[in-house]
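The primary structure of each chain is shown beneath.
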Amino acid sequence: MGFDRFHGTATYIADPDLLSSVNAAIALGRPLLVKGEPGTGKTRLAHAVAQALGYPLLGWHVKSTTKAQEGLYTYDVVQRLNDSRFGDHDVSDIRRYIKLGVLGRAFTAKEPTVVLIDEIDKADVEFPNDLLRELDEMAFSIHELDETVTARHRPVTIITSNAEKELPDAFLRRCIFHYIAFPDRERMTEIVRVHLPAVDQVLLDAAMDRFFAIRKVGGIRKAPSTSELVDWLTVLVKAGLDPERVRREDPFLGLLLKQEQDQAALGTQRRRG
Amino acid sequence: MFTDLLFALRARGLPIGAGEWLVFLDGLQRGLASDVDALYRFGRSVLCRSEADYDAFDLAFTDTFGGAAVSPEVAAALAAWLEAAAAFNPDAPPPPELDPEKLWEEFLKRLAEQKGRHSGGNHWIGTGGTSPFGHSGRNPNGMRVGGAPRGGGGRGGAVQLAEERRWANYRDDRVLDVRDLEVALRMLRAFRRDGPVELDLDETIRKTCENAGDVELIERPARKNQVHLVLMMDAGGSMAPHAEKVERLFSAASRMRVFKSFKAYYFHNCVYDRIYTDMEQLRRVSTAQVIDGLGPRHRVFMVGDASMAPYELFQSYGWLGREGVPGVDWLRRIARRSPGSAWLNPDPEQYWQHPTVAAIGRIFPMFPLTVAGLRSAVRAVRVPRARPHVA
Numbered sequence: 016m017g018f019d020r021f022h023g024t025a026t027y028i029a030d031p032d033l034l035s036s037v038n039a040a041i042a043l044g045r046p047l048l049v050k051g052e053p054g055t056g057k058t059r060l061a062h063a064v065a066q067a068l069g070y071p072l073l074g075w076h077v078k079s080t081t082k083a084q085e086g087l088y089t090y091d092v093v094q095r096l097n098d099s100r101f102g103d104h105d106v107s108d109i110r111r112y113i114k115l116g117v118l119g120r121a122f123t124a125k126e127p128t129v130v131l132i133d134e135i136d137k138a139d140v141e142f143p144n145d146l147l148r149e150l151d152e153m154a155f156s157i158h159e160l161d162e163t164v165t166a167r168h169r170p171v172t173i174i175t176s177n178a179e180k181e182l183p184d185a186f187l188r189r190c191i192f193h194y195i196a197f198p199d200r201e202r203m204t205e206i207v208r209v210h211l212p213a214v215d216q217v218l219l220d221a222a223m224d225r226f227f228a229i230r231k232v233g234g235i236r237k238a239p240s241t242s243e244l245v246d247w248l249t250v251l252v253k254a255g256l257d258p259e260r261v262r263r264e265d266p267f268l269g270l271l272l273k274q275e276q277d278q279a280a281l282g283t284q285r286r287r288g
Numbered sequence: 080m081f082t083d084l085l086f087a088l089r090a091r092g093l094p095i096g097a098g099e100w101l102v103f104l105d106g107l108q109r110g111l112a113s114d115v116d117a118l119y120r121f122g123r124s125v126l127c128r129s130e131a132d133y134d135a136f137d138l139a140f141t142d143t144f145g146g147a148a149v150s151p152e153v154a155a156a157l158a159a160w161l162e163a164a165a166a167f168n169p170d171a172p173p174p175p176e177l178d179p180e181k182l183w184e185e186f187l188k189r190l191a192e193q194k195g196r197h198s199g200g201n202h203w204i205g206t207g208g209t210s211p212f213g214h215s216g217r218n219p220n221g222m223r224v225g226g227a228p229r230g231g232g233g234r235g236g237a238v239q240l241a242e243e244r245r246w247a248n249y250r251d252d253r254v255l256d257v258r259d260l261e262v263a264l265r266m267l268r269a270f271r272r273d274g275p276v277e278l279d280l281d282e283t284i285r286k287t288c289e290n291a292g293d294v295e296l297i298e299r300p301a302r303k304n305q306v307h308l309v310l311m312m313d314a315g316g317s318m319a320p321h322a323e324k325v326e327r328l329f330s331a332a333s334r335m336r337v338f339k340s341f342k343a344y345y346f347h348n349c350v351y352d353r354i355y356t357d358m359e360q361l362r363r364v365s366t367a368q369v370i371d372g373l374g375p376r377h378r379v380f381m382v383g384d385a386s387m388a389p390y391e392l393f394q395s396y397g398w399l400g401r402e403g404v405p406g407v408d409w410l411r412r413i414a415r416r417s418p419g420s421a422w423l424n425p426d427p428e429q430y431w432q433h434p435t436v437a438a439i440g441r442i443f444p445m446f447p448l449t450v451a452g453l454r455s456a457v458r459a460v461r462v463p464r465a466r467p468h469v470a
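Residue numbers (the working numbering), protein chains in the order written: chain A, 16 to 288; chain B, 80 to 470.
Chain A extracted, bound-state conformation (with noise of 0.2 Å):
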């Protein structure tokens, strides 16, 4: 196996940065931290890498009130209980209690897997330094057997962040960065073409026309991403608008547009220019 062994899949459209970063990621065996605007594809990257590999994908999708302990095993100390009381099961073997987390499962299982820990900042600040040990030696120790699970094969770890707290430095350290940059015309055609493969190119170029005017108008909160351009030109499709009054009236604006006051803030761009 060569370096390059990521070159996307046939619905997943990556350009050579992020190749490029997937790849070091893997030769090098460290986990990659993938942030960028929302609706970038930061989460399906994942699969795409897992389908492109062929191997299995583990996914973790991390919650504010996510303890990093959860991805490594966690001890059902109330079963146990609840068994030894009522059950007929033999309560002495803890093992039978202990539960593999996502990390647990990728570290025992038999062949490569790819690991996704999803939007890791909604945790607590704490989460990712709680996890440093266990990504970078790919192993953890389960305190109740006394034992510890080492990595049979280094699962691709593909972790991704909204920014919305600040990563420790230590944990960054040891991540291959990547940032995802919103797609330009060019590869969002690509990608759009990939979604809806039967579009109308004049369709199409009217909706890209003001879904990046759209983007670039001032004072919106959220701006529009990939996702919402694909929904709002499949209903578009559906519908059978003519271009024309796609460009002069923003038809069903609410699915590019989810917030009151960016639809007011584009209709006082209009209203000016």
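Mixed in with the good hints, there may be bad ones.
[To be verified] Simulated restraints on C-beta separations:
hint : chain 1 : residue 1 : chain 2 : residue 2 : range
1    : A       : R188      : B       : S340      : 53 to 59 Å
2    : A       : D184      : B       : G374      : 27 to 33 Å
3    : A       : E275      : B       : S330      : 54 to 60 Å
4    : B       : Y430      : A       : T58       : 42 to 48 Å
5    : A       : A279      : B       : G374      : 42 to 48 Å
[Stated by the list, open to error] Below are the EDC-like pairs computed for lysine to aspartate or glutamate, each with C-alpha atoms no more than 20 Å apart in a straight line:
hint : chain 1 : residue 1 : chain 2 : residue 2
6    : B       : K339      : B       : E289
7    : B       : K286      : A       : D91
8    : B       : K339      : A       : D139
9    : A       : K50       : B       : E289
10   : A       : K114      : A       : D91
11   : B       : K286      : A       : E159
12   : B       : K303      : A       : E141
13   : A       : K137      : B       : E282
14   : A       : K50       : A       : E264
15   : A       : K82       : B       : E282
16   : A       : K78       : B       : D281
17   : A       : K114      : B       : E289
18   : A       : K114      : B       : E130
19   : A       : K78       : A       : D139
20   : B       : K286      : A       : E141
21   : A       : K237      : B       : E261
22   : A       : K137      : A       : D108
23   : B       : K286      : A       : D98
24   : A       : K78       : A       : D105
25   : A       : K50       : B       : D279
26   : A       : K125      : A       : E162
27   : A       : K114      : A       : D184
28   : B       : K286      : A       : E85
29   : A       : K82       : B       : D279
30   : A       : K231      : A       : D220
31   : A       : K82       : B       : D281
32   : A       : K137      : B       : E261
33   : A       : K231      : A       : E264
34   : A       : K114      : B       : E261
35   : B       : K286      : A       : D184
36   : B       : K303      : A       : D139
37   : A       : K237      : A       : D184
In case anyone wonders, no lab produced these hints; they're calculated from the structure.
Using N, Cα and C, we set each Cβ at its ideal position, and we do this for glycine too.
Fit chain B to the known structure of chain A by using the hints.
Chain B in isolation, oriented as in the chain A frame:
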């Protein structure tokens, strides 16, 4: 020649440590960069930690590999190096897990051997070999390497991209929006468990189960943020052009609700015996009282351009100063009372030559009012010992 890149990156302010640099060199050894474009991409993904670093990386890359006058020998040297690197067996197994301490030791050793920026700078990087560092000696004078990847047929795409500075808008020394400021301010938080006692449910369940069902209640003090935030903002005439920036900082700070308390005060040009609690400067309180209320857990950010007529700062009959204490003394009292204080200046740094700015800069550490500046200011006021245990 890559050492030049390291120095250029550090000169551009990227805090690259031994660890990342060794990862970078290791990747080069293993042929992860077979041409200039790949070198650029690979370097950026390893050496940058945030999109805010991309522009500095572009600049440093241009500094190192994008010189206007690129000698053909240099281009050939780079091409030869890259080819040798590409020939390196890419199927080689991943590098052995090196003990970070050992790496660091080794790094320091190499650094000590290296006499200066240009002598033997690439001692620890080369074309082949199996040492984690390698050596080449190809480039004893630490020359500047041109951007033409092979055969000197024009500039490499990566260098061109770097020169375009596509990432300039992502730098964090710009003033960004309220959310960015909030993220920066959030670093001020210092939690400590000394609130009212609360039930630790998880631990109670665990302990109870371990006791085979005998309930054991575990309690602990609640986590509370200890930091009080105080903003003192100049609302004087010279601040009018910066009103929007200051307003953003104010809304970020007031929106956060994570601080134990948040207070905002306004002053005109400089702080005197009265300070205002509203921007219109109608409601005033005694400055002495405000200062008395400051404690070690207060973090005070002074916001202002710090440029005024010298007498406004130094003479005891300053603006409305009836008690006869010059403004500079009020500032000193604030700084002394609250060591966790800093001055945020909305003027760009090149305008800080003004005498009163320098004088105030000796009282408070001064930072530009940008996201990066605020971050540095936050770091400066977080007294190191005030990093309490976070349970």
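Each hint tested on the structure:
1. R188(A) and S340(B) have their C-beta atoms about 35 Å apart, which leaves the hinted 53 to 59 Å range violated.
2. Separated by about 29 Å at the C-beta atoms, D184(A) and G374(B) satisfy the suggested range of 27 to 33 Å.
3. As the Cβ distance of E275(A) to S330(B) is approximately 20 Å, the hint placing it in 54 to 60 Å is violated.
4. A C-beta distance of roughly 44 Å is found between Y430(B) and T58(A), which places it inside the suggested range of 42 to 48 Å.
5. Distance hint check for A279(A) and G374(B): the Cβ-Cβ separation is about 45 Å, which falls inside the suggested range of 42 to 48 Å.
6. With a CA separation close to 37 Å, the supplied pair K339(B) and E289(B) exceeds the 20 Å bound.
7. A C-alpha spacing of about 12 Å is found between K286(B) and D91(A), which places the hinted pair at or below 20 Å, so the restraint holds.
8. The suggested pairing of K339(B) with D139(A) holds, with an alpha-carbon distance near 19 Å, which does not exceed 20 Å.
9. For a cut-off of 20 Å, the pair hint linking K50(A) to E289(B) is broken: about 42 Å separates their Cα positions.
10. The hinted pair formed by K114(A) and D91(A) meets the criterion: a straight-line CA distance of about 7 Å does not exceed 20 Å.
11. With a CA separation close to 14 Å, the supplied pair K286(B) and E159(A) stays within the 20 Å bound.
12. With a C-alpha separation of about 16 Å, the suggested pair K303(B) and E141(A) falls inside the 20 Å cut-off, and the hint holds.
13. With a C-alpha separation of about 24 Å, the suggested pairing of K137(A) with E282(B) is violated against the 20 Å cut-off.
14. Taken as a hint, the K50(A) and E264(A) pair is broken in the structure, with Cα atoms around 34 Å apart against an allowance of 20 Å.
15. For the suggested pair K82(A) and E282(B), the alpha carbons sit about 14 Å apart, so the restraint of at most 20 Å is met.
16. For the given pair, K78(A) sits about 18 Å from D281(B) by alpha-carbon distance, which is consistent with the 20 Å threshold.
17. Among the hinted pairs, K114(A) with E289(B) is consistent with the structure: their alpha-carbon atoms are about 17 Å apart, no more than 20 Å.
18. Only pairs whose Cα atoms come within 20 Å are accepted, and K114(A) paired with E130(B) is rejected, the gap being roughly 37 Å.
19. Our distance criterion of 20 Å between C-alpha atoms is met by K78(A) and D139(A), whose separation comes to about 9 Å.
20. This hinted pair does not check out: K286(B) and E141(A) have alpha carbons roughly 25 Å apart, beyond 20 Å.
21. Annotation: proposed proximity of K237(A) to E261(B) holds, straight-line Cα distance about 17 Å (limit 20 Å).
22. At most 20 Å may separate the alpha-carbon atoms for a hinted pair to count; K137(A) and D108(A) exceed this at roughly 35 Å.
23. At roughly 16 Å between alpha-carbon atoms, K286(B) and D98(A) fall within 20 Å of each other, so this suggested pair holds.
24. Only pairs whose Cα atoms come within 20 Å are accepted, and K78(A) paired with D105(A) is rejected, the gap being roughly 34 Å.
25. Using a Cα cut-off of 20 Å, the hinted pair K50(A) and D279(B) is violated, with the two alpha carbons roughly 35 Å apart.
26. Our distance criterion of 20 Å between C-alpha atoms is met by K125(A) and E162(A), whose separation comes to about 18 Å.
27. A C-alpha spacing of about 31 Å is found between K114(A) and D184(A), which places the hinted pair above 20 Å, so the restraint is violated.
28. The straight-line distance between the Cα atoms of K286(B) and E85(A) is roughly 19 Å, inside the 20 Å bound, and the hint therefore holds.
29. Proximity of K82(A) to D279(B) is assessed by CA-CA distance (about 15 Å); at most 20 Å being required, the pair is judged to hold.
30. Straight-line distance between C-alpha atoms of K231(A) and D220(A) comes to about 17 Å, which keeps the hinted pair within the 20 Å bound.
31. Taking the CA atoms of K82(A) and D281(B), the gap is about 12 Å. The hint holds against a cut of 20 Å.
32. Among the hinted pairs, K137(A) with E261(B) is consistent with the structure: their alpha-carbon atoms are about 15 Å apart, no more than 20 Å.
33. Note on K231(A) and E264(A): the hinted pairing holds, with a Cα-Cα distance of about 17 Å set against a maximum of 20 Å.
34. Only pairs whose Cα atoms come within 20 Å are accepted, and K114(A) paired with E261(B) is rejected, the gap being roughly 38 Å.
35. Distance hint between K286(B) and D184(A) is unfulfilled; the C-alpha atoms sit about 35 Å from each other, more than 20 Å.
36. Between K303(B) and D139(A) the alpha-carbon distance is near 15 Å, which keeps this suggested pair within the 20 Å criterion.
37. Taking the CA atoms of K237(A) and D184(A), the gap is near 28 Å; set against the 20 Å cutoff, the hint is violated.
In summary, the numbered hints that this structure violates are 1, 3, 6, 9, 13, 14, 18, 20, 22, 24, 25, 27, 34, 35 and 37.
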